[in-house]
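Construct all of the structure, not just a fragment, from the sequences and the given hints.
Chain by chain, the residues:
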Amino acid sequence: MATFFDTLIATIALGSLYALVALGYTLVYGVLKFINFAHSDIFVLGAWTSFTSAVAVTTLLDTQGVPPWWVGALVLMLAVLVCATTGYLIERLAYRPLRKAPRLNVLITAIGVSLLLQNVGQLPGYPVVRDNVPPAAATADASAPAAQGQTLATLPFGPTPRSMPQLLPNAVLNDSAVASGTITAGSGRGQVRLDQPIEILPDRQYALVVTRTVDGEPRTTTFRLVGIEGGRIEAGTDIGTQPRRDPIDFENATYRLVLSPVVALRLIDVLIVVSSIALMIVLQYVVFHTRLGSAMRALSFNTETAALMGINVNRVISITFVMGTALAAAAAFLYTQKYTSLSQPASAVWVLLGLKAFVAAVVGGIGNVRGAVLGGFLIAGLELFGSTYSEVLITAAGGSSGIGTALRDIYVFGLLILVLLVRPAGILGTVTREKV
Amino acid sequence: MSEFLLDARNISIAFGGLKACQNLTLQIPAGGLYGLIGPNGAGKTTAFNLLTGVYTPQSGSIHLDGRPITGLPPHQIAKAGLSRTFQNIRLFGELSVLDNIMLGCHLRGRHALVRTLLRTPAFVAQEAAMRTRAMDLLGMFNLAHLADEQARSLPYGDQRRLEICRALATEPKVLLLDEPAAGMNPSEKKSLAQSIRFIRDCFKLAVLLIEHDMGLVMDICEKITVLDHGCPIAFDVPAKIQCDPRVCEAYLGEPAADQPAPAGGGPAA
Amino acid sequence: MKNLAQNIADVPRSVAFRPATILVPWLACLAVALGVHHYLPMIVDEYWVNVFRRMGVFVMAAVSLNVVNGFAGQFSMGHAGFMAIGAYVAAGFSYYGSLYFRGEANVDDFMIQGTLLMLVGIVAGAFAAAGAGYLVGLPSLRLRGDYLAIVTLGFGEIIRVTLELTGKQVYDAKAFQDAPLSTLATLPFNGSTGFERVLPYANLFWVWLFVGVVCVVAYRIKNSSAGRAFLSIREDEIAARSMGIDLTKYKVRAFVLAAFLGGVAGAIYAHTGVNPSPTDAGFQRSFDIIIFVVLGGLGSLSGTAIAATLLTGLSEVLRGPESIVNSPAGVWSLAGIALALAVGSALLKAVGNRGWRVLAVASVAPVLLVCFAYLAQWLATAWGVKLSDYRMILYALLLILVMLLRPNGLLGVREVWELFGPEKPARRPGAVGPGKEPAP
Ligand SMILES: Nc1ncnc2c1ncn2[C@@H]1O[C@H](COP(=O)(O)OP(=O)(O)O)[C@@H](O)[C@H]1O
Ligand SMILES: [Mg+2]
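Residue numbers (the numbering used here), protein chains in the order written: chain A, 1 to 436; chain B, 1001 to 1269; chain C, 2001 to 2440.
Heads up, some of the hints might be wrong.
[What the hints assert, rightly or not] Heads up, simulated DSS-like pairs for lysine-lysine below, C-alpha to C-alpha not over 30 Å straight-line: (1) K33/A / K1019/B; (2) K435/A / K1079/B; (3) K1173/B / K2002/C.
Derived from the structure by calculation, the hints contain no laboratory data.
Structure representation (structure tokens):
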């Protein structure tokens, strides 16, 4: 049952991200009637901009651990800014000249733009940030012996996978503190002693959150308890912790012993869902209750007539692009906080991610805002439940592990083909017949 | 079983709430030259689409030469002998004029892969025959000297005639022409009228013509069906249609005036 | 007026039956393949021989993709998937075949039998790919342009994932000989590692023989009533249907044919000394091929072949020009070709043939390529960058520029030789020939 709820939570979080990206596809399709193939690369751009600016800001501030909340906001802003500008430029330079061209040409151009973004993104770049060295000095001394510290980021982003610095606290919302007090080091490395007796439940996970003061600043580390069984543990008994630290790291430290919930509800998941829903509501409002929204819908219905009615077609299309790319940037920022290891920009992982979001848009009914959201959750659900449970079934049947997980892409594309065959316009889409 | 070559009875279709065509009956005898008129949006093109299988009628039946063709896909209807032109010209623009006509000959030929790849004598003979036939047809319409041009590079009038030519290449029994005179000047229209009669006689087929130019329609058609809002409102010889009050009302949007609609002036639709 | 059947009956037998038309192209393929096989290694070194083998594979891939993307206008983005099917099936035949018959896969003196196994494998691979093409072609009936593109992309990914899930390769001949069928049932293709130890039976001769065959087949399809039917679908589906063309049949046919020829390309690829691996089915490879087709011209066989050749050459140049420059014979022969083409161009201009422009461009191209190689090398050392990092960027820019400036690719549906012929008087649009009245 725990597996079910874990998967459900993951589905809702991932589904929200898919939905945000799918909205970008759908918005652009709505006004221009073509698949913006480069949308997934905008998402990648958002993720990597988040990464680079996060590294830059945290290094400049020289923060340890989780930085203040405004850093996250700043990084998000930067990502949105960069992506929206790129989106605007792409539309202006590559797509606008092809407004009247056959759809196939636009599709090919979009593929070209996508390849361009991917490969520019992973050119071996100049190091922008080095540990403890201001960025300006870093480029100047690039030729000097590399004793200066390690390259944390490059611009463009470079062909190396990296891991995202943590900008939001990695908190579990529904855990419960069992005990707190001061801690002392135990008899060996990785051993601690608590100042009070505790009652341990069997088959449950516990986390030991240790805080100690270094140079006047509090530093928090989280450990797992190892080698314990259920039952009572007296004060002063040696308890094993993981990761293992030297005794000195436990000096003058306070602790909180936390009972991990069976099904963990993480702050980042809640944040993703809440902010996605907020963005979707804003978008829904913009599309259905503002002048801009009615202009967009008019354009979607018939571009020529909309132009005759005095709608500034180019402007509306630009704004739509900017909106779509901004949503992708927001999704990308949230993504980096949940899945902290970033593949290199041209990695197939990203393209697949973008494709799945696209599949979500198509399955829901492309051009339809609600369809994109529905599709996002549907795809995420299929992917996660499908892979989790087929993994369980296959390993139970004696198959090798990993097969079920690898099948997730097959499920998604299988669903796409199925939906398109049964309902070519998607679940919520309306069929348009070509007039002869 | 029926004295009509093309016999469509009570065909209807609705797009959502819009009844584009309701209970339309069109019956054309062999060698007939009939007209289909009506204000813009009356459903004339939709009627053609129903006849040629682009849309499937939601009710009613269509027979061609005694054979039921209701609900067949367009290519089978074309093979049965119903061919058409389009209101907004649909040539194969990138291909040459000759290729366009040879594509018209396509459905009377055989195209197995093996003969294509091996260039068997049967294949070569068929290609040669298609070419001769296409050149003959082009010659009839004085387009032969343009055979190697790209279809889209032709002037508008030539494109319209090329489309008719391509439709004839399919060896139809009934030819449907959708506004063939649109965008032509009076002298071109006159020669078009001539050639439509000529086609009917030379190819021994029946023609159904959609046209807005009343002069042309009244001049060459033997009988005319009038459509309004998807409904047939009149079917008669041209002289009677001209003074039918319902027709004037449909075109002018008001109860019939004393005078009949002037024959020559195309309605402002 | 006569109908078509009567027209056909009228065609004299002397016109219809010409053995030369039937045979000459195949003989030409053989001659070209033999020529390349014997003379190329005299001019260029080992490295470039391998480049030419790869080039042949890309030409086949691009030409086969053109059947569905170019002729029929059904934009398939999963072509690498079909190629991978061909590659794996063919490699399976030659690897497990030699394991079965010889008890060892890594045998050099197995050449003739090995080649036979490869040929059987090529046929089997092509049919397997064609079967997959049939499956993918079916949904194409209900999907328009970009949707179809996505579905085919998804199909390629499904192939890739499936290949990643295949079982361990069997190296032990004894084990295989004991239970060949039950071993094969586990799909022993070595998962994500890739199929190993497939012997490179496809030498220059075989590669270029099949390039010729694929090109002749594609060209004969293009220049036939079936090919015109493909083109008509691409131009206007509705008009095509009302001209009696069965969309279902022809769309599926286009997919099957393209997949079949793509399967041949993949099967050859597997025998050029590489390990076929699941990434060969991925969309990056499909995109490479699409780039060749789009740049060369959707519908132009010679255009795509030229684009595939030039871009493969270009990527070698970007890898470092030493490989060209280090082969003096190669440089001299390039120069010789350039000179011959230039002379030809001058001659054509003198006799008033509009093809002189083509030859002029063609004679400048190799010279430019070498110059570009030097320039690129110089810039790269000056700025300290690796040129091969910029290959895909260059391709992407080319793709966008071609779409903006020349939307039909280099040649559109035309073939190179259609650019030759007597100089035409410039025809003003709207200027019509004599007599507009139809003859009564
Ligand atoms: N595929 C379609 N979907 C929805 N409405 C259509 C379609 N085709 C035609 N219509 C509508 O049907 C009506 C008749 O159109 P049409 O037959 O083209 O008129 P006309 O008599 O001018 O040729 C019009 O109102 C048109 O908008
Ligand atoms: Mg009409």
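Hint-by-hint comparison with the structure:
The straight-line distance between the Cα atoms of K33/A and K1019/B is roughly 27 Å, inside the 30 Å bound, and the hint therefore holds. In summary, the hint linking K435/A to K1079/B is supported, as the alpha carbons are separated by about 23 Å, within the 30 Å threshold. Under the criterion of a C-alpha separation no larger than 30 Å, the hint pairing K1173/B with K2002/C is consistent with the structure, at around 14 Å.
The structure agrees with every numbered hint stated previously.
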